[in-house]
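Engineer: Here is how the chains run, residue by residue.
Protein chains: 2
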Amino acid sequence: MPLRLTQYRLCPRSRSIRLVLAEYRIEAELLEELPWEWRQSFLAKNPSGEMPVLEFDNGLMLCGAYSISEFIAEDPYFGANGSASAPPVLIPGTHEDRAEVRRLIDWYHGKFDREVTRELLIEKVYNSMRPSGPIAPDPGVLRAVRANLKYHLSYTGYLADTRRWLAGDDLSFADLAAAAHISTCDYLGEIPWTEYPAVKAWYQRMKSRPAFRALLGDRVPGTVPPLAYSDLDF
Amino acid sequence: MPLRLTQYRLCPRSRSIRLVLAEYRIEAELLEELPWEWRQSFLAKNPSGEMPVLEFDNGLMLCGAYSISEFIAEDPYFGANGSASAPPVLIPGTHEDRAEVRRLIDWYHGKFDREVTRELLIEKVYNSMRPSGPIAPDPGVLRAVRANLKYHLSYTGYLADTRRWLAGDDLSFADLAAAAHISTCDYLGEIPWTEYPAVKAWYQRMKSRPAFRALLGDRVPGTVPPLAYSDLDF
Chain A
1 MPLRLTQYRL CPRSRSIRLV LAEYRIEAEL LEELPWEWRQ SFLAKNPSGE
51 MPVLEFDNGL MLCGAYSISE FIAEDPYFGA NGSASAPPVL IPGTHEDRAE
101 VRRLIDWYHG KFDREVTREL LIEKVYNSMR PSGPIAPDPG VLRAVRANLK
151 YHLSYTGYLA DTRRWLAGDD LSFADLAAAA HISTCDYLGE IPWTEYPAVK
201 AWYQRMKSRP AFRALLGDRV PGTVPPLAYS DLDF
Chain B
1 MPLRLTQYRL CPRSRSIRLV LAEYRIEAEL LEELPWEWRQ SFLAKNPSGE
51 MPVLEFDNGL MLCGAYSISE FIAEDPYFGA NGSASAPPVL IPGTHEDRAE
101 VRRLIDWYHG KFDREVTREL LIEKVYNSMR PSGPIAPDPG VLRAVRANLK
151 YHLSYTGYLA DTRRWLAGDD LSFADLAAAA HISTCDYLGE IPWTEYPAVK
201 AWYQRMKSRP AFRALLGDRV PGTVPPLAYS DLDF
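Heads up: the protein sequence lines correspond to chains A and B, in order. Just so you know, we're using my numbering here: the first sequence kicks off at 1 and counts up by one. Just so you know, we're using my numbering here: the second sequence kicks off at 1 and counts up by one.
Just so you know, these hints were derived from the structure itself, not from any lab. Treat the hints loosely; a few may be bogus.
No copy is singled out in the list; a pair is fine if it fits within one copy or between any two copies.
Stated by the list, open to error - Mimicking SDA-like on lysine to any residue, the simulated pairs with C-alpha atoms at most 25 angstroms apart in a straight line are:
id, residue 1, residue 2
1, 45, 150
2, 200, 2
3, 45, 88
4, 200, 130
5, 111, 138
For reference, chain A alone in the conformation it holds in the complex:
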């Protein structure tokens, strides 16, 4: 089942789906798309301009993390391609448990993205890539984003402190989505780890998963992540 994933290295939604594919040990060819370019050929694939886009060899094209993750979650055979150990169920548990998993997926891919990751990427990456010349990050925006990030890290710490995984007893797509956003913020040097020990302990477990390896090896031209970014003992 040769798949192609159109994605951007620091896009948290792309990262969350890369983590899913890696957990399922599904090989996918990665096509990189630069989100600030708004290329017509990419908009022809996905008129919303959002990433990631997953293409199957039969022509099926799935657009966006919501559509892709639910597609995989509702297909019991998706992961059954010779993997030695069973991959995690993306949206596990009872009917009520699943509502909790989705509440948190929405938290990270919705609220966290809007209030933190999207703004950080615009200020620190996209604006530095402008063909007309880089625009420096706006200190007012960065201040607001960092204030938002505190609330998000506190809440994530509360979840990590009171549960085995963020949504409950089992690893779920909520953990992958949260880890994707936090990994992008971490790449950009924005996570004050020492202030959030419970988040750190949970993220350490996420980072040690084999599925995480490829993400930690990624570099974006013109940027250098903090030394501890790919360190498992950060």
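Please arrange chain B on chain A, whose structure you already have, making use of the hints.
Structural biologist: Structure of chain B alone, referenced to chain A:
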């Protein structure tokens, strides 16, 4: 099954869930929350501060349109409470069809919300309700939002023109989500109907559904929707 829905009258996500409940003929007590107040008692219910929140009498609390809609969609018995005709399946069709429904739900509740409805509500409603005195809408923001709205209405017109319902042959939650956003924009006088005849014809069908009636009767203090807002022959 007495339910309580915490919502705000012009919030498109709240509206989409009110439409779902009405299609399923499920009575719910509506509790109104004013989103610009950020009340502690509401944040205690849903720490993300987002609406709607659906509460069941057994204490189960579902937060956000994603969690609520998927909870209802995956429960085959949810609508089976004496309704004469079967309610629409929220996410109908084959595995592939369902991915298309979800792509469009994400389009409206994600992209359309971020680029249009959320900004319009802030500029035209929330900012006029400030305790420290109203702030007039920013003409630059309104201009950008209206440019975005054109793209969204063109795309919605393309879908309405080429399919029976937005996601395919069957009415789905994608139609309810789209109609919720468009109804809020329409309430605020922002839809140039004559330019988008296919959107108008589709919305006319949505508006004629009995489930739509309660939304069309809603008024927000200090605002007057255009005359045609609640008119079925607009």
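Engineer: Each hint should be assessed against the structure and marked as holding or not.
Structural biologist: Verification of the hints:
no., hint, result
1, 45 <-> 150, "between (36 angstroms within a copy, 20 angstroms between copies)"
2, 200 <-> 2, "neither (35 angstroms within a copy, 42 angstroms between copies)"
3, 45 <-> 88, "neither (29 angstroms within a copy, 29 angstroms between copies)"
4, 200 <-> 130, "neither (34 angstroms within a copy, 39 angstroms between copies)"
5, 111 <-> 138, "both (21 angstroms within a copy, 24 angstroms between copies)"
Checked against the numbered hints given earlier, the structure breaks hints 2, 3 and 4 and satisfies all the rest.
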